[in-house]
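From first to last, the protein sequence lines stand for chains A and B. Mapping of the first sequence onto UniProt numbering: position 102 corresponds to residue 102, and the numbering continues sequentially without gaps. Mapping of the second sequence onto UniProt numbering: position 150 corresponds to residue 150, and the numbering continues sequentially without gaps.
Possibly wrong hints are sitting among the right ones.
In silico lysine-lysine, BS3-like type, Cα no more than 25 Å apart, as pairs [what the hints assert, rightly or not]: (1) B:K77 x B:K49; (2) A:K83 x B:K49; (3) A:K83 x B:K155.
Please keep in mind that the hints were generated in silico from the structure rather than gathered at the bench.
Single-letter residue listing:
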Amino acid sequence: MASTSQRLRGKRACKKIFWAVFPHACFILSLVIYAFLGALMFSHIEGNRKVNLSEEYRDFLQQLWNISRNLSDNMTENEETFKEEIHTLLNRAERDWFVNPKDIWTFFGSLFFCCTVFTTVGYGNTYPVTRTGKYLCMLYALFGIPLMFLVLTDMGDILATVLSKSYNQFRKLQSKILASKLCSGFTCKKGDELKSRAQSTIAISERLNIMEVLKNQPGVKGKPIKYRNAEIFEMLIARENEHTRPARNKSIERWSSCPELTRGKTMSQVIENFDKIGKQLEKLDVPIVLMVLVIFVYISCAAAILPKWETRMDFQEAFYFCFITLTTIGFGDTQLEHPKFFLFFSLYIIIGMEIVFIAFKLGQDRLIGLYKKVISFCGENKMPSKKVYPK
Amino acid sequence: QNLTEAIQNGVYPVGNESQIEDSNWDFSDSFFFAGTVVSTIGYGTLRPKTAGGQIFCVFFALFGIPLNIVFLHRVGKMLSLLCKKLGKFLYEKGMRKKRIKSLTLLFFLVMGILVFLCLPSLFFQMTEGWSYSEGIYFAFITLSTIGFGDYVIGKQPGRNYFSYYRMLVAIWILFGLAWIALLFNL
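The shape of chain B in the complex, shown without the other chains:
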């Protein structure tokens, strides 16, 4: 018992780094890391430890983040075009302009929540084995770019992920971020 106590106290500071990553930064892991940097989510499960890596990360973020923002703007404009089309359709049906505006806003909000928060949580329930509320929590924390890192995709031990899993999740993150950026501008 004493031994376990002693080891526990020794393990305690190590416990912060107990996710001992194997040092293979293969392509998909690095791609994922670059994505977390550029979108400013920054989970932290994968991070550069060498000095050169950190310096490169600084410059990479300096150029990558504005690029990402521009990109998100464009994607957001595409999304808002859909909304405008809906507005026009309703206007032709003879609704008043004020009602159209609030209705399209509501529609946008509800559809966005369904597509970007609820649906992916179901998906994560299947692939990651989280509960539904954990899935929603993860989706929210990721899309708001807070990115704690307590829940990360693709890190559950002993689970097989199909090969395009990460890419699919990246696409979801992209469109979700564009939707949120659009929400802020409305």
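Here chain A stands alone, though its shape is the one from the complex:
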């Protein structure tokens, strides 16, 4: 009897893990499928573009021919005029005269292009030229960018939990070391004070977060308002319970005796997890200097590896390129010799965009805090007569 119950418990734990991981894997998989589909589409549409020499191109070639024919044998005299004429002529040249669409729009090329679209990096070394290609690109971006955003927020939660947990551990360690070093009654109280202060800040930030979370929920559209209200109520109650009664194991044990209830419970938990997307990101309270440091270290790692096969880039250029890519600015000035290798980097890019995203979120919060301080400071200065002295 005991072994079967153990086996059941093991199975249940496996199932639990599976259902916990499933939503995250689902998002990422859907993004990958979306990218591949897009690549197929674009390589078909743009790759099969008929190349016909346009009038302007013929004109351009004719002028080039004329220029080279008019060169006399004297070298020094030619250089100046040649330079100027070539300069003006090349300014009129358009990129798509010189490129063969079949070379650029291979499957991997289109995959690269699709990635630049839905990550909104948008390098610009490949772009759709045909009319259908352009419309398709717009449609693709319309659905791809929110999907990417969803994946980012989802994985951002994981990253934020890891970061805040490790940071909290580090702080605890720090306070322990501090307390043990100066071992006296006075400083022991200080240690407790630190802990209670830390706990109180966590409590305050948690209470604010429900509203923020509900406001910033991506992807949970189309939910009827009634269900939402009930959910808010439930979450509030759950929060209160967490604070007051830490030992809830007994109730969970009772539920697990009834299999139908557990199945329903896991499904509702899974659905609940969908709503918790973005929650951990809101809670993050790590100093921004640390985040900036993490970013720099992260980019430096890639910048050190990248020049191994991109022989034209040195460390500083690779750093610049990685930074511009991860913040999704994406100038497109640096040409990659081997774009395929860069695709293998896609996990790195997603995590990198995460980190940058989190850092920018933190920067936002700090900026708003700074702004509030400045405003309140100005307000106090302007109205000194506001103090009312009680009689």
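Place chain B on chain A using the hints.
Coordinates of chain B only, in the frame set by chain A:
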């Protein structure tokens, strides 16, 4: 013919950089560049080539992008206030709350598409000489901050732009981005 072929093959790698920019980064060009960095659009037609410029660009983006996001939030809140006012007006007229919500959302969407996508495309048709669909494509690619750089304002050779053209376009980009940010949060 051989000469043209040879030159073509020589021009081919140069062709990627054939937009030979004159090295005058005057104020309006630099302002435009700073805008493309901070909004993460990043057309790429104008970009720093010196090492110092690139390093400065990195730090500039590091501080500028969060600032831009905060700014867009505020502007977006202003826009949503308008929507709330409309909702209140309709509520006073006696409509049900559910219908009001979907109606204001629809109104917001449609008005936004009209004002930020359709109207500017007409405008660009006049000033840049693009076709209407090209204008819409440019508007979409810019506002989604993809920013390929195949179409950029103010770069058509031989066209005279009136002096506040770039500033006007920048204002459009600003409000358009705020609208899109608001759409994501709805």
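Cross-check of the supplied hints:
no.	hint	result
1	B:K77 x B:K49	violated (38 Å)
2	A:K83 x B:K49	holds (22 Å)
3	A:K83 x B:K155	holds (22 Å)
In summary, the one numbered hint that this structure violates is 1.
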